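**Q** Chain by chain, the residues:
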Amino acid sequence: MADRDLVHRCLRREPGAWEEFVATFREALAGAAGAALKRATGAAREEDVESAVQSALVALLDKDSAALRSWQGRASLATYLRVIATRVTLNSVRTELRRGSLRFRPLDDAGDPEAPPVAEPADTSGVRAAMDQLSVRDRLMLKLFHLDGATYRQIASVLGIPLNAVSPAISRAREKLRVLFPKGR
Amino acid sequence: MACPDPETMAQYVEGSLPEFGREALLEHLGGCDGCREMVLVLTVEKRATERRIPLRRKRFAWGGWVAAAAVLATAFVVWKALPARQPSRVPGESQLTKAPDPVEPSNARPPADAGPVVVKPPPPVDPGPRPPVDPAPKPPVDPPPPVDPGPKPPVDPGTNPPLPPTRALAALRLLDIQGRLVAEGKPVAEGAAVTGTLTAPEGAGFHVDGHLVAMATGVSLTLSRDGDVLVFEARKGEVFVQPRGEFTIRAAGRDLALTGAGIVTEKGPLPFKDKPAADKARAKFAKWLPARRTILFEDFAAIADGFERSTAQGGPIFGARVMLPEPADWSRKLAIRIRVRSAARTVQVGVLFRDRVAPWAAMATTAGDDWREITVRASDFSAGPTGAAAPAEGDDIAGLTFSINTQEPGTSGASLDLDDLAISLEE
Numbered sequence: 002m003a004d005r006d007l008v009h010r011c012l013r014r015e016p017g018a019w020e021e022f023v024a025t026f027r028e029a030l031a032g033a034a035g036a037a038l039k040r041a042t043g044a045a046r047e048e049d050v051e052s053a054v055q056s057a058l059v060a061l062l063d064k065d066s067a068a069l070r071s072w073q074g075r076a077s078l079a080t081y082l083r084v085i086a087t088r089v090t091l092n093s094v095r096t097e098l099r100r101g102s103l104r105f106r107p108l109d110d111a112g113d114p115e116a117p118p119v120a121e122p123a124d125t126s127g128v129r130a131a132m133d134q135l136s137v138r139d140r141l142m143l144k145l146f147h148l149d150g151a152t153y154r155q156i157a158s159v160l161g162i163p164l165n166a167v168s169p170a171i172s173r174a175r176e177k178l179r180v181l182f183p184k185g186r
Numbered sequence: 003m004a005c006p007d008p009e010t011m012a013q014y015v016e017g018s019l020p021e022f023g024r025e026a027l028l029e030h031l032g033g034c035d036g037c038r039e040m041v042l043v044l045t046v047e048k049r050a051t052e053r054r055i056p057l058r059r060k061r062f063a064w065g066g067w068v069a070a071a072a073v074l075a076t077a078f079v080v081w082k083a084l085p086a087r088q089p090s091r092v093p094g095e096s097q098l099t100k101a102p103d104p105v106e107p108s109n110a111r112p113p114a115d116a117g118p119v120v121v122k123p124p125p126p127v128d129p130g131p132r133p134p135v136d137p138a139p140k141p142p143v144d145p146p147p148p149v150d151p152g153p154k155p156p157v158d159p160g161t162n163p164p165l166p167p168t169r170a171l172a173a174l175r176l177l178d179i180q181g182r183l184v185a186e187g188k189p190v191a192e193g194a195a196v197t198g199t200l201t202a203p204e205g206a207g208f209h210v211d212g213h214l215v216a217m218a219t220g221v222s223l224t225l226s227r228d229g230d231v232l233v234f235e236a237r238k239g240e241v242f243v244q245p246r247g248e249f250t251i252r253a254a255g256r257d258l259a260l261t262g263a264g265i266v267t268e269k270g271p272l273p274f275k276d277k278p279a280a281d282k283a284r285a286k287f288a289k290w291l292p293a294r295r296t297i298l299f300e301d302f303a304a305i306a307d308g309f310e311r312s313t314a315q316g317g318p319i320f321g322a323r324v325m326l327p328e329p330a331d332w333s334r335k336l337a338i339r340i341r342v343r344s345a346a347r348t349v350q351v352g353v354l355f356r357d358r359v360a361p362w363a364a365m366a367t368t369a370g371d372d373w374r375e376i377t378v379r380a381s382d383f384s385a386g387p388t389g390a391a392a393p394a395e396g397d398d399i400a401g402l403t404f405s406i407n408t409q410e411p412g413t414s415g416a417s418l419d420l421d422d423l424a425i426s427l428e429e
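Protein chains in written order, with our numbering: chain U, 2 to 186; chain D, 3 to 429.
Be a bit skeptical, because a hint or two may be false.
[Claimed, not checked] Computed cross-link-like contacts, SDA-like style, restricted to lysine to any residue with a CA-CA straight-line distance of at most 20 Å: (1) D/K335 / U/N165; (2) U/K39 / U/D49; (3) U/K39 / D/C37; (4) D/K188 / D/T219; (5) U/K144 / D/C5; (6) U/K144 / D/H30; (7) U/K39 / D/D35; (8) U/K144 / D/A4; (9) U/K144 / D/G33; (10) U/K177 / D/E29; (11) D/K277 / D/E248; (12) D/K286 / D/L272; (13) U/K144 / D/E29; (14) U/K144 / D/R24; (15) U/K177 / D/G33; (16) U/K144 / D/C34; (17) U/K144 / D/R38; (18) U/K144 / D/C37; (19) U/K64 / D/D7; (20) D/K335 / U/L164; (21) U/K144 / D/G36; (22) U/K177 / U/A166; (23) D/K335 / U/P163; (24) U/K144 / D/E25; (25) D/K282 / D/G239; (26) U/K39 / D/G36; (27) U/K39 / D/R38; (28) U/K144 / D/A26; (29) U/K144 / D/D35.
[Stated by the list, open to error] Over the 12 Å line for every Cβ pair with chain U, so calculated as not near, a few chain D residues: (30) R246; (31) L258; (32) D276.
[To be verified] Restraint ranges, calculated between C-beta atoms of paired labels, are given here: (33) D/R334 / U/E176: 25 to 33 Å; (34) D/A285 / U/L148: 40 to 48 Å; (35) D/R227 / U/L148: 42 to 50 Å; (36) D/A285 / U/K39: 32 to 40 Å; (37) D/K286 / U/S71: 52 to 60 Å.
It is worth saying that the hints were derived from the structure and are not from the lab. Because the structure is a prediction, the values reported are computed rather than measured. Heads up, the beta-carbon is just placed ideally off N, CA and C, and yes, glycines get one too.
Based on the provided sequences and hints, a complete structural model is requested.
**A** Encoded structure:
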C-alpha cells in the first residue's frame with residue numbers, strides 16, 4: 002500500500018514525494034545497475050553505477066512518467082524498479098558497444114590485440130535448425146549454458162529446477178541435439 | 003511473443019508469474035538474447051547477508067494446525083496475486099513492522115490498545131555515505147502545488163506507541179560456536195549475546211557479525227562494538243580473525259582495515275604479510291574454526307517486499323513475503339529462525355518455491371505482545387497445496403512468507419512484527 006501511495010504521490014507531483022521515492026529505492030536501482038554493469042562489462046565503478054541509476058530514474062519519468070504509471074502492483078515495486086534499471090543499463094551498454102566507445106570497460110580489460118581472431122563457424126544454420134526443434138526448456142538451457150556462460154545455479158534459478166538437476170538436463174538436451182543434428186560435433 | 007513488459011519480468015524474477023505466463027516467457031527467453039541476459043543479471047543480483055539472532059531449540063506443538071496450515075496455504079494462492087507491498091526501511095534497524103490498516107473493520111485493534119502496532123517509519127534518513135544528495139532527475143516540470151491532490155491515502159495515525167527497543171541486534175551475538183566459550187564464568191550458548199570477557203578453556207571459534215574469530219587455549223578476549231568497528235581487547239595470547247569482506251577492527255586503540263586474515267594480540271591488530279603466513283595461521287587455528295555457517299539477513303527491511311493482505315477461505319490473511327536475495331535450496335537440514343510478535347496466537351511460516359504456485363507451510367505459536375524467537379525446521383513443514391508433492395532436497399526456494407489469520411480465535415488484532423530472520427542448515 003505504501004509503495005502504491007508513494008507512486009501516486011509522485012505522479013501527482015506532491016512536494017517531497019519524488020525525493021522520498023529516490024531515497025527509498027536508490028539502493029535497489031543501484032544494486033541492479035551494478036549487477037548489469039558487472040555482467041556486461043566486467044566492472045561496476047561507482048560513477049558508472051550512479052550514472053546508470055540516473056538513467057533509470059530518467060527512464061521512469063520519461064513520457065509523462067509512463068514507466069512509473071505502468072506499475073500495477075503485480076510484482077513488488079522494488080523488483081519492478083530493478084528490472085527497469087537492469088534493462089536501461091544493459092541497453093545503455095549495448096548502445097555504447099554499437100558506437101564503439103564503451104566507456105564502461107576498464108582500460109586494462111581491452112583484450113590482447115595480438116590474439117588471433119576467433120574463427121567463425123562455417124555454417125551454423127544446421128545447428129540453429131536443430132536447436133529450433135528442441136523443446137523450449139532444452140533450447141533455453143543450452144543457450145544459457147553455451148552461449149551465455151550461465152552457471153548451473155543461474156540456470157537452475159532461471160528454469161526453476163533443482164540445482165542438481167541441471168547437469169543431467171544439459172546432457173540430455175545435448176544428446177537430443179546430437180540426434181537432431183548428426184553431423185554436428 | 004514480444005519482449006515481456008517489466009512487471010511481467012519482475013513477477014518472473016519473484017517467482018509469482020502464473021504458470022502459463024512463465025512458460026511463454028521461457029519460450030521467449032530461448033529466442034531473445036537481450037531478455038536472457040537481463041534475467042541472468044536479475045537472478046544473480048545479490049544483497050544481504052549477515053546478522054545474528056538468538057537460537058532456541060524447542061519444538062512446537064502442532065495438534066490441529068496441520069489442517070489450518072493447509073487452509074492458509076490455499077489462501078496464499080490468492081494472497082500472492084495481490085499487489086500491495088510496503089518496504090519498511092529504517093537504516094540500521096533490522097526490523098519489519100506493520101500496522102493494521104486504519105480502515106480494517108472490527109478485528110483491528112483500537113488505538114488505545116494498539117500494543118505492538120507501529121507506524122510505518124518515516125522515509126529513511128541515511129546517515130551513512132550516500133551519493134551526493136542530488137536526488138536525481140527531478141520530475142519533468144517543477145512540481146507546482148497540486149491543484150487537486152485527490153483523496154488522501156489512508157495515513158497511519160501518529161498516536162501509536164513506539165516500539166519497545168528491539169536492539170538486541172546491537173549486541174554482539176556469537177553464532178556457530180565451535181568448542182567451548184566461557185564469559186564471566188558461565189558457558190556461552192549458541193546465539194547468546196556477549197557480556198564480559200571471553201575465555202576458551204580448550205580453544206574455540208565462532209562467527210560474530212559474519213566474521214570468523216578463533217581463540218587458542220588460555221586466550222582471554224573482550225569484544226565490543228563502536229559503531230561499525232568491532233573492538234577487540236585481547237588480554238592474553240593471540241586471536242585469529244578472518245573477516246567477511248573488508249572489516250575494520252580496533253585493538254589496543256589502533257584501527258586496522260582487514261581485507262584478509264589477521265591476528266589480534268594485546269599489542270594490537272596485525273595483518274599477515276602474505277598468503278602463506280595467513281594460511282599457516284589458519285592451519286594453526288583450524289581445529290577451532292566453525293564448520294557451520296548460519297546465513298542471516300543483514301538488512302531485513304531491504305529484502306522484504308512488505309506486508310500484504312487478502313481474504314480467503316480461512317479468513318483474512320495478513321502477512322509479509324520476503325524474497326531471498328540469492329537462491330537457496332530446500333534441505334532436510336533447513337532451519338528458519340525469526341523473532342515474531344503478533345496479536346495472533348499463531349503465525350504461519352511458508353516457503354515459496356520457484357517452480358510451485360503455492361508455498362509449503364508450517365505453523366508456530368507466538369507470545370502475543372511479547373517478542374518470541376521461533377524456529378521452524380524442514381520437518382515441521384507438513385502442509386502444502388492439495389496433491390502437491392512434498393519439497394525435495396535441492397528444490398529452489400524463492401522466498402518466505404510469514405502470515406496470520408486475523409479471525410483466528412484469540413487474535414486481538416492484525417499486527418505482525420518480524421525481526422532477525424535467519425536461514426541455516428543444521429546438522
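**Q** Now tell me, hint by hint, if it's right for this structure.
**A** A quick look at each hint next to the structure:
Of the supplied pair hints, the one linking D/K335 and U/N165 holds, its CA atoms being roughly 17 Å apart against a limit of 20 Å. At roughly 10 Å between alpha-carbon atoms, U/K39 and U/D49 fall within 20 Å of each other, so this suggested pair holds. The hinted pair formed by U/K39 and D/C37 meets the criterion: a straight-line CA distance of about 16 Å does not exceed 20 Å. For the suggested pair D/K188 and D/T219, the alpha carbons sit about 17 Å apart, so the restraint of at most 20 Å is met.
With a C-alpha separation of about 17 Å, the suggested pair U/K144 and D/C5 falls inside the 20 Å cut-off, and the hint holds. For the hint pairing U/K144 with D/H30, the CA-to-CA distance comes to about 12 Å; that is within 20 Å, so the pair holds. The straight-line distance between the Cα atoms of U/K39 and D/D35 is roughly 17 Å, inside the 20 Å bound, and the hint therefore holds. Between the alpha carbons of U/K144 and D/A4 the distance comes to roughly 19 Å, so the proposed pair stays at or under 20 Å and holds.
Note on U/K144 and D/G33: the hinted pairing holds, with a Cα-Cα distance of about 9 Å set against a maximum of 20 Å. Pair hint U/K177 plus D/E29 holds up; C-alpha atoms about 18 Å apart against a cutoff of 20 Å. Between D/K277 and D/E248 the alpha-carbon distance is near 16 Å, which keeps this suggested pair within the 20 Å criterion. Distance check on the hinted pair: D/K286 and D/L272 sit about 16 Å apart at the alpha-carbon level, within 20 Å; holds.
For the hint pairing U/K144 with D/E29, the CA-to-CA distance comes to about 12 Å; that is within 20 Å, so the pair holds. Taking the CA atoms of U/K144 and D/R24, the gap is about 18 Å. The hint holds against a cut of 20 Å. Note on U/K177 and D/G33: the hinted pairing holds, with a Cα-Cα distance of about 18 Å set against a maximum of 20 Å. Of the supplied pair hints, the one linking U/K144 and D/C34 holds, its CA atoms being roughly 10 Å apart against a limit of 20 Å.
Pair hint U/K144 plus D/R38 holds up; C-alpha atoms about 9 Å apart against a cutoff of 20 Å. With a CA separation close to 12 Å, the supplied pair U/K144 and D/C37 stays within the 20 Å bound. As the CA atoms of U/K64 and D/D7 are separated by approximately 16 Å, the hinted pair is consistent with the 20 Å bound. Using a Cα cut-off of 20 Å, the hinted pair D/K335 and U/L164 holds, with the two alpha carbons roughly 17 Å apart.
Distance restraint check for U/K144 and D/G36: the Cα-Cα separation of roughly 12 Å lies within the 20 Å cut-off, and the hinted pair is therefore satisfied. With a CA separation close to 17 Å, the supplied pair U/K177 and U/A166 stays within the 20 Å bound. Simply put, D/K335 and U/P163 have alpha-carbon atoms about 16 Å apart, close enough for the 20 Å limit, and the pair holds. Distance check on the hinted pair: U/K144 and D/E25 sit about 16 Å apart at the alpha-carbon level, within 20 Å; holds.
A threshold of 20 Å between alpha carbons decides the hint, and for D/K282 with D/G239 the separation of about 17 Å falls inside it, so the pair holds. Annotation: proposed proximity of U/K39 to D/G36 holds, straight-line Cα distance about 15 Å (limit 20 Å). Annotation: proposed proximity of U/K39 to D/R38 holds, straight-line Cα distance about 15 Å (limit 20 Å). For the proposed pair U/K144 and D/A26, the alpha carbon gap of about 17 Å is at most 20 Å, so the pair holds.
Between U/K144 and D/D35 the alpha-carbon distance is near 9 Å, which keeps this suggested pair within the 20 Å criterion. Interface exclusion of D/R246 from chain U stands, the closest Cβ pair being 18 Å apart, more than 12 Å. Taking the minimum C-beta to C-beta distance to chain U, about 24 Å, the non-interface status of D/L258 holds against the 12 Å cut. Taking the minimum C-beta to C-beta distance to chain U, about 24 Å, the non-interface status of D/D276 holds against the 12 Å cut.
Checking the proposed 25 to 33 Å range against D/R334 and U/E176 shows it holds: the Cβ atoms sit about 32 Å from each other. For the pair D/A285 and U/L148, the beta carbons lie near 42 Å from each other, so the given range of 40 to 48 Å is met. Between D/R227 and U/L148 the beta carbon distance is about 48 Å. The supplied range of 42 to 50 Å therefore holds. Hint check: D/A285 to U/K39, Cβ distance near 33 Å, so the stated range 32 to 40 Å holds.
For the hinted restraint 52 to 60 Å between D/K286 and U/S71, the CB-CB distance of approximately 59 Å keeps it satisfied.
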